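Residue numbers (the numbering used here), protein chains in the order written: chain U, 3 to 243; chain L, 3 to 243; chain X, 3 to 243; chain P, 3 to 243.
By construction, these hints were calculated from the structure, which means they are not laboratory data. Predicted model only: the values in this text are computed from it and were never measured. Check before you lean on any hint, since a few could be wrong.
One copy or two, it doesn't matter: identical chains are merged, so the pair holds either way.
To be verified - In silico lysine-lysine, DSBU-like type, Cα no more than 30 Å apart, as pairs:
#1 Lys221 to Lys237
#2 Lys38 to Lys104
#3 Lys211 to Lys104
#4 Lys39 to Lys237
#5 Lys237 to Lys104
#6 Lys211 to Lys237
#7 Lys237 to Lys38
#8 Lys240 to Lys39
#9 Lys240 to Lys211
#10 Lys104 to Lys240
#11 Lys38 to Lys15
#12 Lys15 to Lys240
#13 Lys211 to Lys62
Protein chains: 4
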Amino acid sequence: MNVLIYNEFRHEKDPNCRASQVYPEGIHTAIADFLKKEPDLNVRTVTLDTVEEITEDVLKDTDVLLWWGHMNHDDVPDAVAERVHNAVLNGMGAIFLHSAHKSKPFMRLMGTGCSLIWRESDDMERVWVAAPYHPIAAGLDRFFEIPADETYGEPYGIPTPEEVVFIGWFTGGEVFRSGCTWQRGCGRVFYFQPGHETYPIFYDENVQKVIRNAVRWAKPSYRIDDCMDCPNPPKAHKGTL
Amino acid sequence: MNVLIYNEFRHEKDPNCRASQVYPEGIHTAIADFLKKEPDLNVRTVTLDTVEEITEDVLKDTDVLLWWGHMNHDDVPDAVAERVHNAVLNGMGAIFLHSAHKSKPFMRLMGTGCSLIWRESDDMERVWVAAPYHPIAAGLDRFFEIPADETYGEPYGIPTPEEVVFIGWFTGGEVFRSGCTWQRGCGRVFYFQPGHETYPIFYDENVQKVIRNAVRWAKPSYRIDDCMDCPNPPKAHKGTL
Amino acid sequence: MNVLIYNEFRHEKDPNCRASQVYPEGIHTAIADFLKKEPDLNVRTVTLDTVEEITEDVLKDTDVLLWWGHMNHDDVPDAVAERVHNAVLNGMGAIFLHSAHKSKPFMRLMGTGCSLIWRESDDMERVWVAAPYHPIAAGLDRFFEIPADETYGEPYGIPTPEEVVFIGWFTGGEVFRSGCTWQRGCGRVFYFQPGHETYPIFYDENVQKVIRNAVRWAKPSYRIDDCMDCPNPPKAHKGTL
Amino acid sequence: MNVLIYNEFRHEKDPNCRASQVYPEGIHTAIADFLKKEPDLNVRTVTLDTVEEITEDVLKDTDVLLWWGHMNHDDVPDAVAERVHNAVLNGMGAIFLHSAHKSKPFMRLMGTGCSLIWRESDDMERVWVAAPYHPIAAGLDRFFEIPADETYGEPYGIPTPEEVVFIGWFTGGEVFRSGCTWQRGCGRVFYFQPGHETYPIFYDENVQKVIRNAVRWAKPSYRIDDCMDCPNPPKAHKGTL
Chain U
3 MNVLIYNEFR HEKDPNCRAS QVYPEGIHTA IADFLKKEPD LNVRTVTLDT
53 VEEITEDVLK DTDVLLWWGH MNHDDVPDAV AERVHNAVLN GMGAIFLHSA
103 HKSKPFMRLM GTGCSLIWRE SDDMERVWVA APYHPIAAGL DRFFEIPADE
153 TYGEPYGIPT PEEVVFIGWF TGGEVFRSGC TWQRGCGRVF YFQPGHETYP
203 IFYDENVQKV IRNAVRWAKP SYRIDDCMDC PNPPKAHKGT L
Chain L
3 MNVLIYNEFR HEKDPNCRAS QVYPEGIHTA IADFLKKEPD LNVRTVTLDT
53 VEEITEDVLK DTDVLLWWGH MNHDDVPDAV AERVHNAVLN GMGAIFLHSA
103 HKSKPFMRLM GTGCSLIWRE SDDMERVWVA APYHPIAAGL DRFFEIPADE
153 TYGEPYGIPT PEEVVFIGWF TGGEVFRSGC TWQRGCGRVF YFQPGHETYP
203 IFYDENVQKV IRNAVRWAKP SYRIDDCMDC PNPPKAHKGT L
Chain X
3 MNVLIYNEFR HEKDPNCRAS QVYPEGIHTA IADFLKKEPD LNVRTVTLDT
53 VEEITEDVLK DTDVLLWWGH MNHDDVPDAV AERVHNAVLN GMGAIFLHSA
103 HKSKPFMRLM GTGCSLIWRE SDDMERVWVA APYHPIAAGL DRFFEIPADE
153 TYGEPYGIPT PEEVVFIGWF TGGEVFRSGC TWQRGCGRVF YFQPGHETYP
203 IFYDENVQKV IRNAVRWAKP SYRIDDCMDC PNPPKAHKGT L
Chain P
3 MNVLIYNEFR HEKDPNCRAS QVYPEGIHTA IADFLKKEPD LNVRTVTLDT
53 VEEITEDVLK DTDVLLWWGH MNHDDVPDAV AERVHNAVLN GMGAIFLHSA
103 HKSKPFMRLM GTGCSLIWRE SDDMERVWVA APYHPIAAGL DRFFEIPADE
153 TYGEPYGIPT PEEVVFIGWF TGGEVFRSGC TWQRGCGRVF YFQPGHETYP
203 IFYDENVQKV IRNAVRWAKP SYRIDDCMDC PNPPKAHKGT L
């Protein structure tokens with residue numbers, strides 16, 4: 003199974019940002035490190051500096067893409083966003099982490115504003131499992147806690163998720179649908195809220211469990227060549243689409 | 003518009019229960035009092051002692067039914083639960099309040115266990131508006147607070163709601179989908195979590211606003227005679243069903 | 003994987019009914035015959051005459067239950083229907099075939115009237131794949147045809163399905179959501195419309211493919227003991243539910 | 003209530019196209035003609051030639067936008083598509099007709115490929131009401147027929163609709179989810195499949211009834227200024243969003 007991790011990788015290179023201490027080699031490396039321990043996963047990474055490596059061929063060869071971005075969403079070329087969007091509709095799985103709610107590929111997949119309220123405040127988040135039967139929640143207790151994270155709050159401007167797997171509770175008084183799934187074309191999409199760049203969240207055992215589960219859940223069972231194609235078959239014409 | 007309020011009315015008659023001070027004339031009377039101020043609403047009440055008054059004829063003449071019950075769910079006769087169930091499927095609106103999540107009509111409409119976790123603890127609840135565009139949220143701020151309520155928590159064993167209008171945050175650390183809607187047959191269903199019998203929640207201005215909004219949202223625009231009927235029409239037979 | 007097939011088995015024992023020629027050993031036997039060829043499936047059958055064999059223990063040991071019933075829905079004891087209902091909510095998968103839309107367990111799971119229109123007429127049905135990415139549609143062409151089946155038509159009185167996998171087209175002019183999925187509690191539910199007792203539909207290669215796919219799709223990944231239980235944990239109490 | 007009708011208006015100006023006889027003054031005029039008879043509707047029209055008239059101010063002043071386009075989707079400027087998209091997310095209702103499934107605003111709202119199969123063949127379509135309780139179906143029989151229309155068929159590459167109001171049956175053997183609704187941000191979206199430019203479909207009494215119903219259903223009850231905004235409120239800050 004081929005996994006591709008995209009990370010903007012800018013905060014971590016700024017010596018004035020706490021992220022440079024927490025993730026000196028980048029969030030993508032932290033995620034790759036624990037995913038590489040899974041024998042069935044072949045893990046690659048890409049960053050904003052090398053974003054053009056996300057070609058159509060690479061995406062065709064990718065089962066699941068993970069995406070972390072924040073302050074440089076606009077610097078991802080539209081053509082890359084479109085390639086990612088189409089790859090999901092053609093069957094590739096996609097997992098969007100934290101501030102990727104405003105990334106181009108996620109917004110294109112949702113079709114909405116993806117707005118939310120937010121506050122930087124070291125609040126503790128308790129992440130509740132709302133759908134204990136869901137494969138993404140496998141092996142978790144009824145909740146797990148993130149000692150400090152940026153606070154995200156409702157209303158979250160997304161289409162009604164197919165499943166709300168997690169709902170987050172923050173000490174500051176907010177709630178948030180912290181884990182949501184959607185089917186988009188032939189591809190499965192998962193959004194997971196924890197993961198601010200200045201906290202060691204991607205080293206957390208439960209967060210890693212969720213991401214491992216999500217990667218396997220998002221694995222495509224069916225892929226097509228062109229989600230945009232509208233065939234014009236003759237009457238009663240069989241064959242697969 | 004004809005509104006019928008069902009209330010178990012047992013806690014309030016127990017002098018050892020705080021409910022007897024908070025709602026000396028019953029929760030149904032407290033709700034009826036503020037709904038009766040609406041000129042377009044014709045409000046009636048019924049309690050467990052008079053539950054057989056909920057006849058098929060009364061339900062046909064009811065636009066929206068509100069239901070509060072707690073410790074005596076089992077004492078509602080199956081025949082009454084079935085009548086209410088069918089009336090909703092035939093088009094009547096239904097609003098289930100607080101512990102009515104385990105009432106017979108609600109459970110029959112959901113088809114699930116409707117389980118949750120709970121704790122009596124005087125926790126404050128902050129009720130967040132997750133769907134600000136929804137008619138049931140009209141006129142509310144981004145959240146409102148209930149100074150003390152019984153705590154309900156996820157996972158809530160319901161089918162995925164069509165809309166999650168409210169999500170509750172509790173000081174004790176729980177979250178809950180506190181306002182949910184479903185279409186069931188021709189009828190609209192709303193569940194609203196606040197409303198423990200020992201707190202003056204039904205005197206709260208925001209709670210009253212939600213209930214008024216919900217009553218109008220649940221008003222049927224279309225009713226049928228028998229949701230159970232499977233017609234056997236000849237080929238290409240028109241007419242309404 | 004343990005599969006249990008329930009079949010009413012009454013039409014097939016009536017010498018005046020065509021079903022006695024088409025399925026001399028019963029629909030359950032026809033289904034069991036092709037499922038038994040799968041090395042990972044352990045297949046058992048039960049009929050209305052032995053319906054009390056559907057005990058709580060048997061259901062705990064069943065991964066997926068298939069259900070075919072028609073004219074004797076009412077003869078299934080309420081206690082059996084309740085056991086099946088609870089087993090699904092606790093995680094067991096369930097597949098309801100054809101006229102099982104009016105069976106007690108299916109109606110309890112849906113919470114609606116499950117009504118439809120119908121006509122016996124030897125109409126051809128063309129079953130279209132509306133969700134080609136769905137595991138239940140794996141290996142199918144864009145549509146398959148059933149030379150003759152009882153016609154079912156919309157409106158179908160079900161809650162909005164999570165996925166409409168198949169939509170049926172009938173020569174007589176009707177359409178029907180012929181393959182639908184729902185999550186109910188921890189269990190997965192699939193309804194599949196083809197399968198009238200007087201036609202050799204369960205010998206059809208495509209129908210068998212759908213049923214094999216559905217059995218594997220419905221396999222539980224998570225089971226609980228009591229979907230009805232509302233735990234009362236102390237504050238911030240962890241553990242699984 | 004302010005209604006704005008967009009029509010590409012190119013087929014109708016081509017003397018070699020049958021549309022020029024059927025809709026000599028354009029599809030927009032045909033739709034405007036019957037909507038103008040409604041005393042509560044203030045109806046305006048705009049075409050591709052004047053598409054820049056669809057300004058942010060005009061959209062703020064529009065309650066419901068109808069959209070018909072076909073061969074010139076690409077000629078609608080991205081900036082206009084973005085304005086329409088944002089206006090819907092901010093609360094404006096939108097109704098997309100027939101080949102508008104591939105229009106820029108619809109595709110942006112859906113986030114999917116919106117693909118389908120099609121065939122020009124004078125097939126009769128029977129449009130079944132799958133959700134008789136839905137306001138958009140008010141006043142219709144169980145089905146209505148369109149004597150000839152372009153055939154559209156499944157699979158239709160859309161996100162699962164909130165409601166499938168209509169399912170179409172075509173004499174050639176196809177089925178299609180011909181009437182679908184979605185909530186997107188604060189706005190309501192309806193897609194309606196009938197309406198090929200070479201047939202007098204917009205003069206049909208039932209089609210007109212559906213469009214009139216849909217206009218009223220899509221009317222916004224709540225509008226916001228900027229669906230893209232992510233506010234950063236201080237802790238426990240009230241106010242509306």
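For each hint, the structure was consulted:
1. Lys221 to Lys237: neither (34 Å within a copy, 37 Å between copies)
2. Lys38 to Lys104: Answer is within: at 27 Å inside a copy they meet the 30 Å cutoff, but 41 Å across does not.
3. Lys211 to Lys104: within (24 Å within a copy, 34 Å between copies)
4. Lys39 to Lys237: neither (51 Å within a copy, 36 Å between copies)
5. Lys237 to Lys104: between (43 Å within a copy, 22 Å between copies)
6. Lys211 to Lys237: between (49 Å within a copy, 24 Å between copies)
7. Lys237 to Lys38: Neither: 49 Å inside a chain and 37 Å across chains, both beyond 30 Å.
8. Lys240 to Lys39: between (44 Å within a copy, 28 Å between copies)
9. Lys240 to Lys211: Close across copies (17 Å), not inside one copy (43 Å); limit 30 Å.
10. Lys104 to Lys240: between (41 Å within a copy, 24 Å between copies)
11. Lys38 to Lys15: Close inside one copy (23 Å), not across copies (59 Å); limit 30 Å.
12. Lys15 to Lys240: neither (55 Å within a copy, 37 Å between copies)
13. Lys211 to Lys62: both (26 Å within a copy, 28 Å between copies)
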